[in-house]
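First to last, the protein sequences are chains W and D. Taking our numbering, the leading residue of the first sequence gets 1, the next gets one more, and so forth. Taking our numbering, the leading residue of the second sequence gets 1001, the next gets one more, and so forth.
Bear in mind the hints are in silico, worked out from the structure with no lab data behind them. Keep in mind the model is a prediction, meaning the values are calculated, not measured. It cannot be assumed that every hint is accurate.
As the list claims (entries may be wrong) - Reference listing, derived: stretches of chain W covered by chain D, where coverage requires no fewer than 3 residues with Cβ under 8 Å from a Cβ of chain D:
#, region
1, 37-49
2, 98-110
To be verified - Okay, the calculated beta carbon distance ranges per label pair:
#, chain 1, residue 1, chain 2, residue 2, range
3, W, SER65, D, GLN1080, 42 to 52 Å
4, D, PRO1054, W, GLY53, 34 to 44 Å
5, W, GLU14, D, ASP1063, 21 to 31 Å
6, D, ARG1111, W, SER65, 46 to 56 Å
7, W, GLU77, D, PHE1074, 35 to 45 Å
8, W, LEU51, D, ASP1030, 44 to 54 Å
Ideal placement from N, C-alpha and C gives every residue a C-beta, glycine not left out.
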Amino acid sequence: GQNIDQPTEMTATEGAIVQINCTYQTSGFNGLFWYQQHAGEAPTFLSYNVLDGLEEKGRFSSFLSRSKGYSYLLLKELQMKDSASYLCAASSGGSYIPTFGRGTSLIVHP
Amino acid sequence: DAGVIQSPRHEVTEMGQEVTLRCKPISGHDYLFWYRQTMMRGLELLIYFNNNVPIDDSGMPEDRFSAKMPNASFSTLKIQPSEPRDSAVYFCASSSQGVGADTQYFGPGTRLTVL
C-alpha cells in the first residue's frame, strides 16, 4: 500500500517563511505533487518533483529526496492569501496515479 | 478556456435516492478523473478514464457507484441508492499527456449531502 504523512495544521506570520513537510512510503514511486486548496474551492497544482533536489517557482519551492521518502514545500514572504490547505500526493506505478495526503492547513496571521 | 465544468454545485437528497453528478472536461484533455473528498479520508481517487475508456476503477467504493464517459466531453458519476456516508465533495479533474507528466485541472466540485 501507500502511506502519505503531513502535519495537520501549521500557523505562520505574514512575511515569514514556512516549510511544510511530507513523508511517503510507496512502491514504484514516480514523483511527488503539491497542490494548494483554499476553503470551499478545488485543488490547484503547485509543483511536481521527479528528481532529487529543490525546484523554485517564485515564492514557492519544492524539495524531494527519493532515498528518504521525503519532500517539503517552502513558502517565502507569506501573504494572508496563502492561508489554505496544502496537499502532498505521491504518484507510483505504471499508471502514475497520485495518492493524496490529508493535507496541511496553513493559517497565516498578521 | 472555461476549465472543468461540474454540475450541480450542490446536491441535497434523501437516503435511497439516485444521484447523478456531471462533468465536462477541458477540451482536448484525454484523461478524466473522479475524486471524493471528506474530512476523514481526504482526497480519494475513485476512477479515471483515458480516451473515454475506464482504466482503473479500484477506488470506487461499492457497486452502488458507477461512472460513464459516453464521449470526450461528458462524464457522469452515479450513486444508486445513495447513503448518508456518501456525503462528500466530489471533484472531477482532467489532464493531457498522462497522469504523472502533466497537471490535473480540477473542477469546482459538487457538494453532496445525503440525509
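query = Against which earlier hints does the structure fall short, listed by number upward?
reply = 5, 6 and 8
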